[in-house]
Every structure is written in C-alpha cells, then in structure tokens.
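Participant: Residue-level listing of the chains:
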Amino acid sequence: MENFNKPILDINNLKTYFPIRRGILSRTVGYIRAVDGVNLEIHQGETLGLVGESGCGKTTLARTIVRLDQAKSGSILFEGNDILTKDEKNIRLLRNKIQIIFQDPFSSLNPRMTVMDILTEGLIEHRVIHLRQKKEEALQLLNNVAMDADALHRYPHEFSGGQRQRISIARAISTKPGLVICDEAVSALDVSIQAQVINLLIELRNEHKLSYLFISHDLSIVSNIADRTAVMYLGKIVEYADTSTIINKPLHPYTKALISAIPRAGILKEKRTILKGDVPSPSNPPSGCRFHPRCPIAEKRCSEEEPQLEEKNKNHFVACHLIPTSKNSY
Amino acid sequence: MKTLRILFSSGKVVFGLSVFLFLFIGSITFTALSSKDPTEMVGNLYDSPSKEYPLGTDNFGRDVLVELIHGIKTSVIVGLSAGILATLIGTIIGTIAGFTGKWVDNVLNSLTNLFLVIPSFVILVLLAVSLQKRSLFLVTMVIGITSWPWTARAVRAQASSLKTREHISMAKLNGKGNLNIMFTEVLPYMLSYIFMVFVIQSAGGILNEAGLSMLGLGPENTISLGVMLSWALNFEAVRTGAWWAFFPAVFSIAVITFSLYLVNIGMDEVFNPRLRK
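First to last, the sequence lines map onto chains A and B. Our numbering puts the first sequence at residues 1 to 330. Our numbering puts the second sequence at residues 1001 to 1277.
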C-alpha cells in the first residue's frame, strides 16, 4: 500500500434521511434512512471503492457529498473545509473541485448540447477559461480520454455508451477536480468496454493525481481499481479495509456472501453462500445488527445490540459482534 | 429543422395548418385589400343569399360574407393572443413550480388548483360584466388570464419530471444557476409540448370569445364570429329561418377550432411515437 498522508475527504457520522410525508398537511410520518451514520476517509491520490446491493444508500452518499441531497447531520470535510455548512455561494466555488460521473451516460449528458459545449460548460460557468479558448480546451480534454477531434461538434446521441462515458469522464476532469465520484460509472457498459474505461480512469488518476470514490455493486470491478474498499449495507458501512484484504480475508458475513457471489472458475456452486431475501426497507431497519435477518451466523445478541465499526485487525474495520478482535493488532 | 420536417410528414398537421392558415391569411389579406365596409347597410332585414350577396344580409341589412371575413380575422387574432398569454403565464408558473419544488411549488400549485376548480367561464362572465368598456384588447386579456391554469398544471408535471434527470444534476454541479438551468436544460425539452398546449389554448380562446360574445359580453364596436352569433340570437334569426345569419359563423368557428385540434393531434402523434401507426 502506498503511503497516503492527509485525507482529501473525511466523512464523519453522516446521515441523510428522506422524510416520508403523508396526508394533506404533509406530516412527516417517518424517515427513509438512506445513509445512517457513515464514516469514511479518502486520501490524496487514493481510490476508495464502495460496494453494496442496490438500495443500500451508495448513490445517496455520493449525492450528499456533492450536495445534491441534503444531509441530516454529520460532517464532510473536503480538504479540511466542511462542505455541509457552506451556503449556496461558497458551494459553487467548491463544486468544480468535486466532480461526479453518473451511471447512465444516456441521461447524464444534455442531448441538446454539442460535445464541445458539454465539456466546457463547467469551465465557462466558473469563468476558468474565456469563450475563445473553448475549442482548444475541449480538444485537449477529448485527447485526454483518447477520442477523436471530430467528436467536438457532434451530439451525445451519435456516440456509443462507452464513448459517452468517456465524454462524461472528460467533462468530470475538465475543472481539474481533486475528487471524482464514479457512481456506477461502468455498470451500464459492456464487459469489454468496462475494462477500457477502468484503465482510462486509472491512467487519468496517475496523470492528474485524482482521488476517486468508486461506487459499484460489483465487487470484482471495484477490486480492479480501488486501493481500499468499504462495504455498505442498508445505510451503514459494515466492513472497511484494503481491497486485497476484503477480497482475500473478508470477515463480515455479508462481505463473504458478496465475494462468494463473484463467478470464478473452479468453485462449485454448492460452496457459495447464497443470501436469503432482499434488503429490508431503510424506513424500518431491523433492530440490532441490520444484517441479522439474512445473516447465516446470527445469534440472539445480533437482533438486540447494534454492532459498531471496530478495528478487528490492523486497518481492517468490521461491524460484527461475532468477529473477535485480533490481539496483535496494536 | 429536422423536427419541422418530421412535423410536416404528418398529414394531419399539414391539413390542419393549411386550413387554418388559409382562413387566417385569407381574411387578413381581404380586409387589408378590400374597401368593402362590413358595417355598411346594403340590403334589408335578412335578405336571402343572392348572386350579389352570396350569404345574404343580416338583421341590419349588412353583407354577411364581408362580416364573416372580418369576424374570422378578429376571432383568430383574439384566440391566438389569448393563447399566447395563457401559454406564457402557464409556462412560467408551471416551470417555476415544477423545477423549484418545496414551498414555492406548494404555493403556486395551490393557486393553480384554485383557478382550476372555479369554473373559468363564470370568472370570464363576471370579469366581462364588471368592465366598463370592453375593447378587443381587454377581452383578449380576460380570456388569457382565466385559461392559464390548465397549462400551468401540465407544464409543472413535465418540469418536475425533467428536474430529476442526471444532466440537470450535472448542470447544477457545474455551478449553473437555477434560472440558467430552466432556460437551457428544462425549457428546450418542453418546447414541443408547450407549442402543442399553445395550439389547444388558441382553439379554446376562439371558443371562449365566441361564448362570451354570444352572451353579449364580447368586444364592443368590433365584428367577431361570436358577435355575429349574438346579433343572430337577438334578432330571432333561428325562428325566422334566416340560417345564413348564424350558420356561416358557427361553421367557421367549427372549422377553425377543428383545424387547430387536428394540428394538435398530428403533433401528438409525431412527438409521442407510441401513438404512431
């Protein structure tokens, strides 16, 4: 593992709840706890993978970091400044430092703008470049993502999914951000294209010293790019360690189930841990450990007491009562 | 350009638009070129159609055909202007409500609902009665101001669904202001829809004007299709069998609104591929 110094992004006990409103007076009758007390750190130049089933709050976490969704409590420090306490005016200045790549390259690019306009929208809005430099800058960005110059005056619908995602990536790095959030950035693509795009992301990371928050439901993709990986379940982080540790020595039963779901040659189907049921509703999470109704090793204690994220081994955080803390970790 | 080409590939659009434009441009050209005064009395009470006056004369002995052409021009202008006004107000309120959301949406939506549940024709009548002098301009305003809620509601629904698109999140992240996003990312998507709404609103405007005028609450000192109907009604044209005094006006209203509805249906088929055959 490389030596990372100060965190570029530091998330502390972040909670994002969506109110459920009922009746003519729109009374709040409950909350959907999409993100419920998340702590994460991303260091300069590091890629943090975030995996979890759909509906576990990954996207909400991403949208909260860029302030598209409003956090209920907690703090997000970006380069030492709390993002959540900033007002609209200050947040605009910050926005070009954190960029996001969405999953669907078909809806995230405005179909009525040319590629040149899409790529330079942020730069022009923030008055980083003059209108005269627009073409030059857009060409440079296209070059970064290995696309031809003739794409400049074309519209998004003229491109394939992979090409569009390259355009999204070029757009994301246009403002020279410190952090790029990839929200299922390759999930909508073909497997062969996924590899290309991931390689492109790795290249750009090394070239521009970017940090990534790489969100995916697919642990095998995350393992290709992430230095460290966090596993999320129903709004909470359940395990958090180096990617190689997560893949090779997972501790949390949920992570084990996710890993056994990765298709691999030579492993018999019977050996896999198949999880029963679906993710419970985040508006009414199970008591105690949120995973206990689906957990193959759950005990009575699990339904009563909520486990905290603890450092079970060195740099290996797990939220589970049944995993013993290793003695030689300190 | 491409949209226009697709639009004109629809027979309904082409036919409806041709009929509408023929009547509208024809009436404008005629009134501009011809020196015939529609208020000049050329015959007696309800002269039946003759060679000289193809549609006969009305209760004041005036040439119905000349009146009709002037009436078409006035009615269409009132309809289009009221349509523009209603579409404009409705689009502004609907876009702001749908895109901004939160309390702004609540307030604007309540206002829209309030206008929707009050029968607009009653407001129209009350407003028209309370006005001292009813010029053509005022009647147009009254119609436009009472018919926007429907547009507002439809546009609001569109805008609030558009606002969840990712490219709008993207624009926000790029630091674009709300007004800027509304103009560059939301409105362009609704243009075809808004234009369709405008067509319907114009047809509605023509009908509203006719209704108001028939009740005797239309514009003063002007001839419109509704005003012609009002005269025919007051002077017992139906009972005396003088069909030429009211039928041409009724027929014109029907043809004009029908042509506009046809344009609307054709556009709907073009923009909504599921309706295509």
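In short, the hints are calculated from the structure, not lab data. Worth double-checking, as some hints may not be accurate.
Ranges between beta-carbon positions, derived for each pair [what the hints assert, rightly or not]:
| # | chain 1 | residue 1 | chain 2 | residue 2 | range |
| --- | --- | --- | --- | --- | --- |
| 1 | A | Ser283 | B | Leu1131 | 51 to 57 Å |
| 2 | B | Leu1191 | A | Thr114 | 17 to 23 Å |
| 3 | B | Leu1116 | A | Pro286 | 40 to 46 Å |
| 4 | A | Thr114 | B | Thr1164 | 22 to 28 Å |
| 5 | B | Ile1084 | A | Gly30 | 43 to 49 Å |
| 6 | B | Gly1216 | A | Pro19 | 52 to 58 Å |
Quick reminder that beta carbons are idealized off the backbone N, C-alpha and C, glycines included.
Participant: Determine for every hint whether it applies to the structure shown.
Facilitator: Evaluation of the provided hints:
{"no.": "1", "hint": "A:Ser283 <-> B:Leu1131: 51 to 57 Å", "result": "55 Å, holds"}
{"no.": "2", "hint": "B:Leu1191 <-> A:Thr114: 17 to 23 Å", "result": "18 Å, holds"}
{"no.": "3", "hint": "B:Leu1116 <-> A:Pro286: 40 to 46 Å", "result": "45 Å, holds"}
{"no.": "4", "hint": "A:Thr114 <-> B:Thr1164: 22 to 28 Å", "result": "24 Å, holds"}
{"no.": "5", "hint": "B:Ile1084 <-> A:Gly30: 43 to 49 Å", "result": "46 Å, holds"}
{"no.": "6", "hint": "B:Gly1216 <-> A:Pro19: 52 to 58 Å", "result": "54 Å, holds"}
Hint compliance for this structure: every hint is met.
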